[in-house]
Amino acid sequence: MSATRTLPIPAHKPSLLTSLKIYREFIRIGFVNILAFRLRYYTGIITYLINVTVYYFIWRAVFANATGSIAGFSLPQILTYVSVGWILRSFYWNTIDQEMAYEVIDGKIAMDFIKPVSVQWMWLARAMGESAFRLILLTAPTAIVVALLFPVLPPASKLNFALFLVAAVGSFFIMGALNFIIGTCAIPLTSILALIRAKFWLIELLSGLLIPLNFFPRSLQIVSSLLPFEHIAYTPLQIYLGRLSTTESLKLLGLEYFWVVALILLGHLWWIRATRKITIHGG
Amino acid sequence: MPDTPLISVSALSKHYRGFKRREGILGGIANLFHREYHTVKAVENVNFEIGRGEMVGYIGPNGAGKSTTIKMLTGILVPTSGEILSNGFVPWRQRAAYVKTIGVVFGQRTQLWWDIATIESFRLLRRIYDVSQRDFDERMELFNQVLGLTELLPVPVRKLSLGQRMRCDLAAALLHNPPILFLDEPTIGLDVVAKDHIRQFLRAINQRYKTTVLLTTHDLDDIEELCRRIMIIDRGIVLYDGPLARLKEQFLRTKQIKFILRDGDQSARLAAFERNLPSLAPNGDSGAATLHLERLDEMTCRLRFDRARVSSSDLIRQILAAVEVRDFVIEDEPIEEIIKRIYSGEAAMTPSLVSEVLETERSSAPR
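Residue numbers (the numbering used here), protein chains in the order written: chain A, 1 to 283; chain B, 1 to 367.
A few of these clues could be false.
So, partial list: chain B residues that the calculated Cβ filter (under 10 angstroms) puts toward chain A [as the list claims (entries may be wrong)]:
no.	residue
1	T74
2	V99
3	Y129
4	F182
Simulated from the structure, these hints should not be mistaken for laboratory data.
Only a predicted model underlies this, so the values are computations on that prediction, with no experimental measurement involved.
Ideal placement from N, C-alpha and C gives every residue a C-beta, glycine not left out.
Can you make the complete structure from the sequences, with help from the hints?
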C-alpha cells in the first residue's frame with residue numbers, strides 16, 4: 001500500500017451531553033412508539049388486573065386454613081406483596097429480547113449497525129421510553145384500580161418507599177440488561193423462542209413474583225441469593241413491606257446495582273462477541 | 001501527485017459456514033446430532049478502488065455477493081480476510097465513528113421507525129448524527145424539492161408505499177451529508193416514475209455535494225442513467241471492472257427477437273429460413289456467430305443477432321417473408337445472460353485488458 005492515505009472527513013466524537021441528548025431522543029421514540037399500539041395498552045391494564053385477582057384469590061385460599069402467618073407473611077402482607085409485585089412488573093417489564101429476535105430473523109438488525117450509537121444503549125433507551133410510558137399510563141392506573149379493589153397496605157415508611165423506588169429502577173435495568181443478553185443470542189442462534197420462554201418462567205419464579213423466595217427450601221434460597229433475578233421483584237417488595245432493616249435494605253440495594261452494572265457489562269461483551277460472526281438474513 | 005482513492009478494497013473475502021440439512025424426519029433427527037458443514041464463499045478475493053465523487057454500479061445476479069460486499073463496506077459484516085479502507089476508516093473496527101461519515105440505503109428494508117410518523121425518525125436521526133437545526137432545515141428543504149416529502153412527513157412509515165418509503169429512506173441516509181453513499185438495490189420493486197425520481201435525486205446529490213456513490217442493482221437502466229463505471233460480480237468474484245461504455249460495446253452486442261408463429265405447422269418453412277440465415281449475415285462473417293436461431297417451443301422461436309452487424313428491421317422483414325408470425329418481441333440480452341457468458345469464458349476479458357480498462361477509467365474518472 002502507498003504511504004498516502006485519504007484524509008478522513010472528520011467525524012468528531014460527540015460530547016457526553018450530545019450522547020445523552022441522542023439517547024433521550026431514543027427514549028422519546030420508545031414512548032411515542034408504544035402510543036401507536038392502543039389495543040395492546042388497553043389489554044395490558046386488563047391483563048395485570050386479572051393477574052392480581054387470580055393471585056389474590058390463590059393466596060386467600062392458601063391462608064384460609066392457616067392461623068397467623070406462613071413463612072413470616074401475614075395474609076394482608078402477602079396480598080400486598082402480590083398486588084404491589086404485579087404493579088411493579090407493569091413498570092419494569094419490556095420485550096427487548098423478542099424485538100431483537102424479530103429484527104434478527106427479519107434482517108432489520110443490520111440497520112442498527114449503521115447508526116453511530118451503542119446498540120445496547122439504544123435498546124435500553126428505547127425500553128426506558130417504553131417504561132416511562134408504562135409508568136404513567138399503565139402502572140399508575142393499575143395501581144389505583146388495584147388499591148381500590150384490594151386491601152393493599154401502604155409502604156412501611158417514607159424511607160422504605162423511597163428505597164423501594166430506587167430498587168424498582170434497578171429492576172428495570174436488570175430486566176433490560178438481561179433481555180438484551182437474551183436478544184443478542186438471536187444473532188448466533190437465530191431462533192430463540194425457547195430461550196425466551198425459559199427465561200420468562202425462570203424470572204417469574206426466581207424473581208419471587210409468584211411466590212416470595214422465603215417460601216422456597218433453604219438451599220434454593222442460597223442459590224437464588226447468588227443470582228441477579230431476586231432483585232427484580234423480591235428485593236423491592238421486601239423493602240416496600242419493611243421486612244428488612246435499613247442496613248439490610250441498603251446492602252441489598254448495593255448488591256442489586258452491582259448486578260445492574262455487571263449485566264450491562266456482560267451484555268456489552270456478549271454483543272461484541274456475537275456480532276463478530278454475524279450473518280445477516282436476506283442477502 | 002495522483003489522487004488517493006476514497007475507498008480501497010484489497011483481497012477481500014467472506015466465507016460462511018453453512019450446514020447441509022438432511023431431508024425427511026430421520027434426516028431432521030440426524031441433523032440434531034451431527035451436522036455436515038461446508039464453506040460458502042460469498043465473496044472471494046475482491047479488489048477495487050473508488051475515487052471521490054465517483055458513481056459506481058455494482059451488479060451481478062442474485063446471491064453473487066453484492067450485498068455481502070456492501071455489508072462489509074458498511075461495517076455490518078467482518079470480512080474473513082482482506083482489507084478495506086474507506087474514508088480513512090476500517091469499517092468494522094471503527095464502526096461508530098465510521099458510520100457517521102456514510103449513508104446507507106438497503107432497498108429491501110428501512111432504517112426509519114415503522115410505527116411512528118416519518119418526521120419523528122428524521123428528528124431522531126438529526127440528533128444521532130448531530131446535525132444543526134439550520135443544516136437540518138436547509139437539507140430537508142432541498143430533499144423536499146426533489147423528493148416531495150412534505151405530505152409524507154406526518155404519516156407513519158408502515159403506511160407509506162414502497163416508492164414513498166424509498167424517498168424517505170434516501171433523505172434519511174443523506175441527512176448528515178455523508179461523503180459516501182452505499183445503496184443496495186435502491187430501485188427494487190419501484191415503478192418507472194419512482195425510479196426516475198430516485199435517479200434524478202442521486203444525480204443531483206452527486207453533482208452538488210460530490211457524494212461518492214456505490215450502488216448495487218439488478219436494473220441495468222440504473223447503471224445506464226447513473227454510473228460511468230460498472231463492476232460485475234458473480235459467485236463472489238469480480239468479473240469486470242471498467243467503464244459502462246466499454247462493457248456495452250463488447251458484451252451487449254447481442255439483441256434477440258422472439259417471434260411466435262401463427263400455427264405450429266411451419267417446420268419446413270422455418271428450416272428453410274434457418275438454412276438461409278448465413279446469407280443474411282454481412283459478408284465475410286460466419287453466420288453462426290452473428291445469427292443464431294433457437295426453437296423455444298413449438299410456436300416460439302428466438303433469434304439472437306449482433307446488432308452492430310445486422311439491422312433488426314432487415315431481420316423482421318426476412319422473418320415475415322419466410323413464416324407467418326403472430327407476435328414479435330425485440331429485447332436486449334438480459335444482464336444475467338451477459339454475466340453468464342462472461343463467466344463461462346465465452347466473453348472473457350484477459351487480465352491485461354482488465355487492467356487496461358481500469359487504467360482508462362481511472363484517468364477519466366471525475367475528480
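Going down the list of hints, with the structure as the test:
1. Taken as an interface hint, B/T74 checks out: its beta carbon lies about 6 angstroms from the nearest beta carbon of chain A, inside 10 angstroms.
2. Contact between B/V99 and chain A, as hinted, is supported at the beta carbon level, the nearest pair being about 5 angstroms apart and thus within 10 angstroms.
3. The beta carbon of B/Y129 is positioned within 10 angstroms of a beta carbon in chain A (closest approach about 7 angstroms), and the interface hint is therefore held.
4. A distance limit of 10 angstroms between C-beta atoms decides the matter here; for B/F182 the minimum to chain A is near 9 angstroms, and the interface restraint holds.
Violated hints for the displayed structure: none, as all numbered hints are satisfied.
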